[in-house]
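Using this note's numbering, read the sequence shown as starting at 1 and increasing by one per residue.
Among the hints, erroneous ones may be present.
[Stated by the list, open to error] Below, computed lysine-lysine pairings styled on DSSO-like, alpha-carbon distance capped at 27 Å: (1) 7 - 60; (2) 110 - 81; (3) 169 - 44; (4) 44 - 60; (5) 7 - 93; (6) 60 - 93; (7) 100 - 110; (8) 100 - 7.
Since the hints were made in silico from the structure, they are not lab data.
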Amino acid sequence: MKKTRNKEILLIGGRSKARSLASSLISQGYHVTAINDSREDCMKLAEMQGLTVYYGDGTKPYVLDEAGAGNCQIAIALTSKDEDNLVACQMCKRNFDVKKTVSLVSDPEKTEFFHQMGVDSVVCAISAVTNIIQQQAFMDDLVNIIPVGLGMVQIIEVHIPGDATVSGKKLWEIDLPKEVVVGCILRRDSALIPRGDTRINVGDTLVVIARNGQENAAIEVLTGR
């Protein structure tokens, strides 16, 4: 006999995103299982109390089966690859009869296609981070620089290592390229909306919006690598 699905949620891929989401869901009483194809990420996720972690490729049926996808009410795909997220959601829906699937996408133009392919909810990273930025006073100066949604923007996650020179600095003190914006800081289990006086800490993961061609310069400034 299968256990009830009402409180079972499966997270596929992601690291900071999976950790933050799992923390929130567990605190609400859900039973959360995470699949990740990185051993390092699995080790980090396994530090969370109440989170069950499986190492493997979440697009493979046998991995989903081992992780108990058939017992889950919701599956959420959080990998950095849109195609993997789509396959994982389709596998969960067709092979394991998961009631609702949710997929992260990096390209807003794929949103409707994902819906057509049976994904119940589609979350566009560009749209989400843009909404965050639009709450900031400097958005008016930014709209003429970055045509969001026209394929000219990169959204990247930058992890701040222990030897980063930006550690301890306020955001306004960091000499980022002109067409680069830090839209969100993932710190432990929290997501912060930064302002100019927000300090960067070792271990932070910065969600960065950059005009195409500027992302490498941003990574170099933030990590020194």
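Evaluation of the provided hints:
For the suggested pair residue 7 and residue 60, the alpha carbons sit about 23 Å apart, so the restraint of at most 27 Å is met. Of the pairs offered as hints, the one joining residue 110 and residue 81 holds, with about 12 Å between alpha carbons and a cut-off of 27 Å not exceeded. Distance check on the hinted pair: residue 169 and residue 44 sit about 26 Å apart at the alpha-carbon level, within 27 Å; holds. The suggested pairing of residue 44 with residue 60 holds, with an alpha-carbon distance near 22 Å, which does not exceed 27 Å.
Under the criterion of a C-alpha separation no larger than 27 Å, the hint pairing residue 7 with residue 93 is consistent with the structure, at around 17 Å. The hinted pair formed by residue 60 and residue 93 meets the criterion: a straight-line CA distance of about 13 Å does not exceed 27 Å. For the given pair, residue 100 sits about 19 Å from residue 110 by alpha-carbon distance, which is consistent with the 27 Å threshold. Proposed proximity of residue 100 and residue 7 is supported: the alpha carbons are some 13 Å apart, at most 27 Å.
Checked against the numbered hints listed earlier, the structure breaks none of them; every hint is satisfied.
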